[in-house]
Amino acid sequence: MSGAPRLAAACALLTLPVLAAGCVERRIFITSEPAGALVQLNDVEVGRTPLEIDFEWHGVYDVLLTLEGHEPLRTTARADAPIYEWPGFDLVAAALPMTFRNHIHWRFELEPLDRDQDALLERARALRETLHEAHEPPSPDDAP
Numbered sequence: 001m002s003g004a005p006r007l008a009a010a011c012a013l014l015t016l017p018v019l020a021a022g023c024v025e026r027r028i029f030i031t032s033e034p035a036g037a038l039v040q041l042n043d044v045e046v047g048r049t050p051l052e053i054d055f056e057w058h059g060v061y062d063v064l065l066t067l068e069g070h071e072p073l074r075t076t077a078r079a080d081a082p083i084y085e086w087p088g089f090d091l092v093a094a095a096l097p098m099t100f101r102n103h104i105h106w107r108f109e110l111e112p113l114d115r116d117q118d119a120l121l122e123r124a125r126a127l128r129e130t131l132h133e134a135h136e137p138p139s140p141d142d143a144p
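Just so we're aligned, residue 1 is where the sequence shown starts under this note's numbering, counting upward by one.
Derived Cβ-Cβ restraints for the label pairs, each shown as a range:
#1 H103 <-> Q40: 16 to 26 Å
#2 D54 <-> R123: 38 to 48 Å
#3 D62 <-> R101: 23 to 33 Å
#4 T76 <-> H103: 11 to 21 Å
Hints were generated in silico from the structure; no laboratory data involved.
Every residue gets a Cβ at the ideal spot worked out from N, C-alpha and C, and that includes glycine.
Build the full structure now, drawing on both the sequences and the hints.
Below you can see the structure in the form of structure tokens.
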């Protein structure tokens, strides 16, 4: 075998482990009851439930779900790293010729809006009274 074919064969053998190296598929599955809620993660709209999205970073996400006729739900949810993504272990996992799947499932319950108009109006009146009392200017008799 001459030099050029040997070099090509050596390059092929050296790139084979790189091509066969593993990777990680990271997905978050989000469901809600009832379905159809608009979802924002860290102030970015990502779709309506049920949905699945790819993610890159582990940690805590700010979650906002909105659906007409229901109270908006603002909360946080964690995407924890599995052991094969911890420092040190991740180097070994990346060298293995397989795909690791990190699937995280979040489920949220939305509360219906309070449709009692009389109660809503009463709360608004009480709030208005509280605000007026808190911000009344002093009377001229109270001046020094």
